[in-house]
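Asks: Taking numbering that gives the first Met the number 0, the leading residue of the sequence shown gets 0, the next gets one more, and so forth.
Watch out, some of these pointers could steer you wrong.
Unchecked claim - Heads up, simulated DMTMM-like pairs for lysine to aspartate or glutamate below, C-alpha to C-alpha not over 25 Å straight-line:
| # | residue 1 | residue 2 |
| --- | --- | --- |
| 1 | Lys-1 | Glu-15 |
| 2 | Lys-31 | Glu-44 |
| 3 | Lys-31 | Glu-43 |
Hints listed in this document are in silico derivations from the structure and should not be mistaken for laboratory results. What you are looking at is a predicted structure, and each value in this text was computed from that prediction instead of being measured.
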Amino acid sequence: MKEERNIQRYVTGLTESSRRRESSRVSNAFWKEEARRSRKQMKEERNVQRYVTGLTESS
């Protein structure tokens, strides 16, 4: 009986840790995507800045 409980706990622990790993992998992918998006946005903002600066310099 005690053995069975230990096995149960072990199996539950395995599924728990794998689920945790899975969710952390998903959130890592999410954050990677977020970082990529914000970098792209920053680049676009810099381009707009450059464009506006070019306009004011030419006028």
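Asks: Now tell me if each hint is right for this structure.
Replies: These are the hints, each one checked on the structure:
Taken as a hint, the Lys-1 and Glu-15 pair is honoured in the structure, with Cα atoms around 21 Å apart against an allowance of 25 Å. Between Lys-31 and Glu-44 the CA atoms are separated by roughly 20 Å; this keeps the pair inside 25 Å, and the hint holds. A hinted pair counts as satisfied when its Cα atoms are at most 25 Å apart, and Lys-31 with Glu-43 qualifies at roughly 18 Å.
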